[in-house]
Every structure is written in structure tokens, then in C-alpha cells.
Amino acid sequence: MKAEYNFIANIIEKNSTVLDVGCDDGTLMEFLKKNKNVDIRGIEISKEKVQICIAKGLTVIEGNAELDLKQFPKNSFDYVVLGQTLQAFINPEIVIKELLRVGKKAIVTIPNFGNWKVRLDLLFKGTMPITSSLPHEWYNTPNIHMCTIKDFVRFSETINFKIVKSLALIDKNISNISKSNIFLKNLFGELGIFLIENK
Amino acid sequence: MNIRENIKSLIIEKPLRLDCGQTISKFPLAYETYGKLNENKDNAILVFHALTGDQFVTGVNPITKKDGWWSYAVGPKKSIDTDKYFVICANVIGGCMGSFGPSHENPETKKIYGTDFPVITINDMVNAQVNLLDFFNIKKLFSVVGGSMGGMQVLQFVSNFPDKAKTAVPIACTSSHSAQNIAFNELGRQAITADHNWMDGKYNSKSTLPDKGLAVARMAAHITYLSKKGLQEKFGRKLQERDDLKFGFDADFQIESYLRYQGSVFVDRFDANSYLYITRAMDYFDLVKQFDGNLSNAFKKTKTKFFIMSFTSDWLYPTQENKDIVIALNAIGANVGFVEIESDKGHDSFLLEVPDFLNSLKNFLDKSYIESSNES
Chain C
1 MKAEYNFIAN IIEKNSTVLD VGCDDGTLME FLKKNKNVDI RGIEISKEKV QICIAKGLTV
61 IEGNAELDLK QFPKNSFDYV VLGQTLQAFI NPEIVIKELL RVGKKAIVTI PNFGNWKVRL
121 DLLFKGTMPI TSSLPHEWYN TPNIHMCTIK DFVRFSETIN FKIVKSLALI DKNISNISKS
181 NIFLKNLFGE LGIFLIENK
Chain B
200 MNIRENIKSL IIEKPLRLDC GQTISKFPLA YETYGKLNEN KDNAILVFHA LTGDQFVTGV
260 NPITKKDGWW SYAVGPKKSI DTDKYFVICA NVIGGCMGSF GPSHENPETK KIYGTDFPVI
320 TINDMVNAQV NLLDFFNIKK LFSVVGGSMG GMQVLQFVSN FPDKAKTAVP IACTSSHSAQ
380 NIAFNELGRQ AITADHNWMD GKYNSKSTLP DKGLAVARMA AHITYLSKKG LQEKFGRKLQ
440 ERDDLKFGFD ADFQIESYLR YQGSVFVDRF DANSYLYITR AMDYFDLVKQ FDGNLSNAFK
500 KTKTKFFIMS FTSDWLYPTQ ENKDIVIALN AIGANVGFVE IESDKGHDSF LLEVPDFLNS
560 LKNFLDKSYI ESSNES
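Chains C and B are the protein sequences, given in the same order.
Residue numbering for the first sequence follows our numbering, starting at 1 and increasing by one per position.
Residue numbering for the second sequence follows our numbering, starting at 200 and increasing by one per position.
Next comes chain B alone, as it looks inside the complex (with noise of 0.2 angstroms):
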């Protein structure tokens, strides 16, 4: 993949100490931003993307030619408004969009790293994307906002900086990755090391990648994202280009043939190694634990203004745990709203065109801004 050319970078000089003990220095981190920094640079808004996202969060994604993951939520007149908001998103480390990851090349051996990649966190991709504040000289962001795992950075990061966000937008999360969502994470992994091409991760010194693993691991992810009646209103047991049953085991179901769509698309745009690292990033993630099982404790220096959102049919990070959340900070009298948007799409809805959870991410930015600008 040539995609150095259409990709920001910042070299990240100040070395950064990871939760596995490894400490890394001069790394990149590649970014990207929309809209234009203010002169108070009051307005900017970190985004934080989720496990397959990167940093091309709107417009036409200049390395896959497609739509940015939200382009429905990003944009000028749009939820995050970037007439108004100078929009920052990074890809996390350990990605495969330009930021240090298992991709890279390890100058020590001149081979990619693979597996000799170190085990990242949530907080360890927070911590080096703050450097992206030193490097626009921001002191404050007006926001932080992200859905699934941008979600649990939203958290860490309000949690490790109280005083860097002045409003704080975590959608469709968790403050503790459950067994199922590990259960689930888990279960990709292995779909991608039992593919042969694999090759304990040092499958890109060769020419063949480990695609099916891949795949295999984007479909079964895929359901989850999805709700039981959301499949069933759009696929049934549609047949695709058939009259009949084959007795076989091609695609004869259109949601097979959707699966295997979304699961060869996929590969062609993500790395496996990538996905084995973020998933074990997300399982480790545990808020709850970080702060000795009271997870008000991690906000207890903040006077952040949070707004929470969750969705009625996402049974990967349901309402309950988004809840949670909202309780852990009225419980220390923190200032948070919380709604759960009605919505058939399962997961996926915070990245889809659902009018009540577009309109409600619009009305709290534009409202919080508006009472800020007036406080300062």
C-alpha cells in the first residue's frame, strides 16, 4: 500500500511510556483535521474513532476512495459542525493508517514488526494523541467526542486530563469491556491466526496476507454491530440471485452474500495484525478497575460537561453499560446528560443516518458552545 503521500504525520519526539512497560519515542502519528482552528482556538473537537475507523473521518477517504466512517455526523452544517469546529481525528497507534503500528518497519531488524509489535491500550492511544493539543497549541478542547471504542478514549482521556475538554460526548461505550465483547473480540483473533497466510504475524515479509482469517473476523464482528430485527427487516431469507435453494454451500441467502461483501471489502483496507492489537486494546480496557472498582474516581478532577448517548437496539455496548457510566458521574455530581436513541440499527447507529441521534449530538455541541464562548 502506497499511502504515505495522502497522509498527515506528526513525529511524536517525546517518548511515551506504554501499560506493557515499553517505552516509545519519535513515532508518527498521522491525522487528519476539517474545518478551520479559530483565533481563540476555542473550537477545536477531537474525534476518537472506533476499531476498524481511522482519521479520514468525512469527505472522500483519499486511500480507500470511499465515503469517511462518519460522514454522516461530520461536515460542513452536520452534527459536528466544520464551519463551526475545527475537527482533529488521529489514527490510534497500533493502527494501519499511517500511525506507529504492527505494519511498520522495525529499524532494528529491517523487518515489520508483527507481533514483536507492543501490546497497546486505550490509554496508551490517548496518551500519544494528546500531543496532537502541543502541536495545533490548544489548551483546551471544546470537545471530545467518539462512538465504541472512540468512546472509551473520550473516557480515558477526560479521565487522564480533567481540565483538556470542555465538553465530553462518549456514544454507544463502556467504562469495562464485558466477557462478551471479549468473547466476540476473541473469536476474530483466532479467525485471523488459524489462517495458514498468518504466519505468527510476519505475514507481510511474504507476498501472501492472511485475508480469509481477516474477513472471516470482519463478518462475525459485523453481526454484532447489527440488531436481530435490523437483519431481519433487510435481508430476511432473501435469496440472492436465485429462485432456489442450490443445496450447496454458496451464498444462497443474501445476508451471506452481504457478509462475505463486507468481509472481502474489509481486507482490502485493513491490516490483521492491526486488528489483533486494537481488539486486545479494547479487552484491556477496564475504567472500573483503573480506579479500584469506583469508577467515579476517574472523573473526580474534572468539571468536564458530558453528554452520553446509547442506542435501544445495540446489544454489544447496550444501554445498561452506558448507564453505568452516567451513574458513576452523578454520583460525584458531575455535570452529564444522557439519552438512549431509539433506533433498529444495532451498534452501527451511531455511524448511520438515525435524525434523533444526529440532532441530539448537534444541539448539545451547538448549545454547549454557545454557553462557553458566553462564560469566557
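Isolated chain C, as found in the complex (with noise of 0.2 angstroms):
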């Protein structure tokens, strides 16, 4: 199970509805199912992993969150979850936009670019970063928006959403990210865990 998926519990209520989008293998599904007692559904893009969802009992549709969250109504869900994935998509803010229609909130999670291991590859490398956590070469990689925390900050000034919460995980360990400490969030945060809604 990844570290964040405690942190992401924890911002969600009991009893609400959830819709995952690139709900992967379910785990995440299973955990909220489990711990927070969520009517919960998921997106998934591929069909090996829907498969998998629906072993585990997991109501799960095969799809792309690009051209099928425009099938659910406004509003349908309380959260909308999108894990690690907004870099991947051709469109970030197409999908945030999505999210924001179809969720009451959303909670969105992104790799840290602005990272320092990130950092040092590239300044001292000189070639694209490698990491445990974004471990594909520039020519192969899924993830072809990258962006720091910084950034996604700036992206909700930009196409105007409300950031409610944020927080950076570093070293399994999470805190919350404010306007003093962003620069030092940053540099050492691994992933940044945002809860957003509409203005």
C-alpha cells in the first residue's frame, strides 16, 4: 500500500461517495471501503487492472478519465480522487476541471518534481531524473506533465480552483504545506497531497 493512502483517508469523511479515478489494482478502493465505510467507484484505463478490481469486488468501469468523467453528472460524488496520475494525462487542466464537476471536492496527488533528488540528477547528470518514484526514461515515460508543488499551487491560481488542504509527504511522514514553508516543501517533498474544490 502506498504511504500517502492513510493521509488521503484521513481528509475523507465517513459514510461519503468516492469515485477513483485510475483506481490501479483497487487498493486504494479497498482501504477507503474498509476504513472510512465509502459507497466507492473507480476509472480505470487499463483493462488487466479493472479485472483485478473486479475479483476484489470493486465496482469499476474500464475507461479514460480524459473521455469518460464526462458521463457523470455534476456533482455525483463527494470526493473525486486522482492519484499520481495528473502528469500523465495530454490534458491536466481539462481533468481538473472534470474532477471539480463531477466531485464536491477533489483530492489530487502529484510527484514532486521540484524534488532535490529531482534536482541534483538533472543539475549534475545532466540527463532527465530517474527516481523510485518516476523510474521511466524520458522516451518511455507515462508522465509527460510534470510539475512541482510549486507549480500546482500556481496552476490553481491560474485556472482558478481552491486549494482547502495541502500537504507534502516526505519520508512517510506528512505535513501540511504553507505559504512560508513552500520553498522548503518543495525542495524535500517526495508527493504533494492536495484537497480542492470550486471557488
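Treat the hints with care, since some could be wrong.
Said to hold, decoys possible - Simulated restraints on C-beta separations:
id : chain 1 : residue 1 : chain 2 : residue 2 : range
1  : B       : I569      : C       : A9        : 21 to 27 angstroms
2  : B       : N239      : C       : N160      : 50 to 56 angstroms
3  : C       : E197      : B       : N573      : 30 to 36 angstroms
4  : C       : A9        : B       : L551      : 41 to 47 angstroms
5  : B       : N239      : C       : N10       : 38 to 44 angstroms
6  : B       : K488      : C       : E93       : 35 to 41 angstroms
7  : C       : K47       : B       : D315      : 45 to 51 angstroms
8  : C       : W116      : B       : E432      : 52 to 58 angstroms
9  : B       : P275      : C       : N15       : 48 to 54 angstroms
10 : B       : Q519      : C       : T127      : 39 to 45 angstroms
Derived by calculation from the structure, the hints in this document are not laboratory data.
Every residue gets a Cβ at the ideal spot worked out from N, C-alpha and C, and that includes glycine.
Put the two chains together into one complex, using the hints given.
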């Protein structure tokens, strides 16, 4: 189980309705179902993963967030979760807007490209960074729109959504991101976790 | 055909008003069951058959002596596990395996109904079959499952009886028969009615049957159940028991021979008039129109949990048509899962050994059953 799942669960209120976009093998869905008694659905692009989810008794549809979120009416869910996949979309702006249309709130996590290891890799090696959380080569990475924690905060200002809560994951510990500490969180954070809603 | 003794039949006393306006009553509905109904009566699955299927889902069909049409999916330890579930399947009305159909004798004229049989619809089929629940004293089915026309019946059933099934699995189907679907069905019907022996549907009173027309209908339809890739891989341009082309119209190619064989075995077990009636029922199926252009409304009253599957190489009921059902369900916040199964076997995939499909079906049912048992 990924380190951030506990923190995502903490944000989500009990007995709410949740959509997990890019739900992978359903680990987070199972975790939330068990610990938060949520009514949860998933969307996943990989047929194999969908079948794994079905085998776990989860309600998942095979689909692509960029194309298939539009079938859900406005405010269908209390929360929509997008875990570490925003950077893989062709148009993250549309995806964020869709998340906030379908969900009353959205929880978005991003692998932080501003992390010092990433920065050092590029600075000293002069090659595209490869780390444990970003294991791909530049030519085969699905992560075509990498961003930093700071980028995401700026993104919220540009496309006009509200960040209700922002957390940084550093070595399995979680801490709040604020205006005063964002420089450090952006340098040391491995992952940014954001609870967002429409303004 | 002396088939009566091997067929279980329920006489439906309650009048059934058909979509065409006629009312039928005291009509037979032939059915078969597998497995045991448990004490709580919460383990029943109603399986709906497709165009040319019948109630003999699995095991040896006592009439044709061949394996049941869904032997891959239904049986002990299989996807629809008859050690766990009580499986019921009925021959659709209009069919020819014992249920009220055009080959039955009209008591007034003492002749077979033929085309005097009322035109029936998918709606009529499920309204007839729901009587089985009363017969077995089942308040709520655990599941309704079916592929192709069976899937259409699943959709219609849930729409008509929103609280009579906990789960529903429509497979490789559509909510509205497309122009292409209608076109292929019309081709089949024309082949039958063009057969000299069809005689306006009154053939059974004569000794000759419109076998040639029915065989051609089956051949044409059979092509639509396969995929181009599947056909190419299985047959390619291979020749049939010969080294060279014969410069004639014999079956030079294996595919020709295969189709002829499919046609010839079909006529032994199927009635030409039933083929006309059932294809008509499929063509008339339009759940979207029934709900004034909004498919979501068909399912508004239901809490049934859906699982929909389609197949990559199915061009008869393509993924998009299955997805349209998913979209309509999501639009009203219904509980729906969906996966497109990778397969080269075309529309027929749901009848064949396609492990991803069979596993998904099993997993969905078994998990849902545990979940529903915990709730109640």
C-alpha cells in the first residue's frame, strides 16, 4: 500500500461517496471501503487492472478520465480522487475541471518534480531524472506533464480553483504546506497531496 | 420432433398482454433448472438465452444430444457455479423448444400458427418469464444474466422489475437494435421466406421444410458472430479436402464447407418461423425509445448492481453500444462496472472459452453474492 493512502483516508469523511480515477488494482478503494465505509467507484484504463478490481468485488469501469468522466453528472460524488496520474494526461487542465465538476471536492496527488533528488539528477548528471517514484526514461515515460508542488499551487491560481488543504509527504511523514514553508516543502516533498474545490 | 417428454413446462394461466395488442393465456413456458434453490431462496440466477439458444444451458441437451449452449460458463465450479447457484433458463416465447411459439397448434384451426402467431417482443419475453419467480416462490433473484439477445432481456427485465434482481450482467448487447443489426436479420428472414418450401409459413402442415432458406439465414448470421481476424486465422484460404481449386461451385474453401455445415446442423434443431419471430423481436427492441430517448429513465427505479462486458472484436454489438448502457447508468448514479474483454472470437466470444471473460463473470458473481449475503 502506498504511504499516502492513510493521509488520503484522513481527509475523506466517513460514509461519503467517492470516485477513484485511475484506481489501478483497487488497493486504495478497498482501504477506503474498509476504513471509511464509503460508497466507492473506480475508473481504470487498463483492462487487466479492471479485472483485478472486479475480482476484489469493486465496482470499476474501464475508461479514460479524459474521455469518460463526462458521463457523470455534476456533483455525482462527495470526493473524486486522482492519485499520481495528473501528469500523465494530455490536458491536465481539462481533467482538473472535470474532477471538480463530477466531485464536490477532489483529492489530487502529484509526484513532486521539485524534489531535491530530481533537481540534483538534472543538475549534475545532465540527464532526465530517474528516481524510485519516477522510474522511467524520458522516451518511455507516461509522465508527460510533470510538475512541482509550487507549479500546482500556481496552477490553482491560473485556472481558478481553491486549495482547501495541501500536504507534503516527506519520508513517510506528512506536513502542511503553507505560504511560508513552500520553498522547503517543494525541495524536500516527494509527493504533494491537495484537497481542492471550485471557487 | 417428439421432444415433449424431455421438456419441463409451466403453463402460464395469467393472461399476458403482448406489445402487439393481443392477449395470450394458458400458454406453455418451457424451462430447465440447474443446481439447488437454497432455503433462503436467495441464490437463483435467471439466465436468458440468445437468438438460437434454448433452456438447455449446460450439460447435454436432451433434444440435440450436444453440449448446452453455455457449457463453458455454467456448471459446477464454473463462472455460474451450479454448486452454489440455482440456475433457471426458459425458452423464450416465440421459440421452438417447447415454449409457446409459431410451431404450436392453433386450437381454433387445428393447424400450426405459422405467421398467424402474434409478433412478440423482448418485453413480452421477459414478462412471460417473470412468472417463473412465482412458480419457484422466489422474491428476488440473485442475478439476471445473458449475452446478445439474452443481454437485451436482462436490460428489459431490470427495467420492468426494478426490485426483482440484486445483480444484472448484460453481455455483448445493446439497448437499441442498430440499422446494421436489423439489416442482417432482414437478410436472414428474406432467405427463409424466399425458400419455396416456406409457403407463407404454413410449411409444417406439409412434409417439406424451408431448410435451405433457414440454412442460408444461419450461414449469414454466423459470419456476423465471428471476426475477420478469427476467420482468417482459422480458415485463411485453406482448401477443403482437395489440393487445388476445382473451377466449380462446390465448397472449394474450408470456410465454405464450415458455413454449409453450420447451416445444415442448424436446420435440424431450429424452426424457420421461430427464426422470423425472434429476429423480429430483436429488431423491435429499443429501450431508448421506450423511455422517450433517455435510456437512464429505464433504470431510474432500480438499485440493481450491474456488470457489463463487451468484446474487442465484436462488431455486431460493439463496445460503444455496451458503453452507452454504462453511460446511461452512470448518469443516474447506478452501481455499474464495465470491462471490454480482449478476444479475437467476435460476438461469439461470450459462448466460447475466453478465460478473461469467464473469470470476470465468476469473480463478479461470487463477490457480489458474498456481499449480498453479508448485507441480508
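Evaluation of the provided hints:
no.: 1; hint: B:I569 with C:A9: 21 to 27 angstroms; in the structure: holds, 24 angstroms
no.: 2; hint: B:N239 with C:N160: 50 to 56 angstroms; in the structure: holds, 54 angstroms
no.: 3; hint: C:E197 with B:N573: 30 to 36 angstroms; in the structure: holds, 34 angstroms
no.: 4; hint: C:A9 with B:L551: 41 to 47 angstroms; in the structure: holds, 42 angstroms
no.: 5; hint: B:N239 with C:N10: 38 to 44 angstroms; in the structure: holds, 39 angstroms
no.: 6; hint: B:K488 with C:E93: 35 to 41 angstroms; in the structure: holds, 38 angstroms
no.: 7; hint: C:K47 with B:D315: 45 to 51 angstroms; in the structure: holds, 49 angstroms
no.: 8; hint: C:W116 with B:E432: 52 to 58 angstroms; in the structure: holds, 54 angstroms
no.: 9; hint: B:P275 with C:N15: 48 to 54 angstroms; in the structure: violated, 39 angstroms
no.: 10; hint: B:Q519 with C:T127: 39 to 45 angstroms; in the structure: holds, 43 angstroms
When the structure is compared with the earlier hints, a violation turns up for hint 9 alone.
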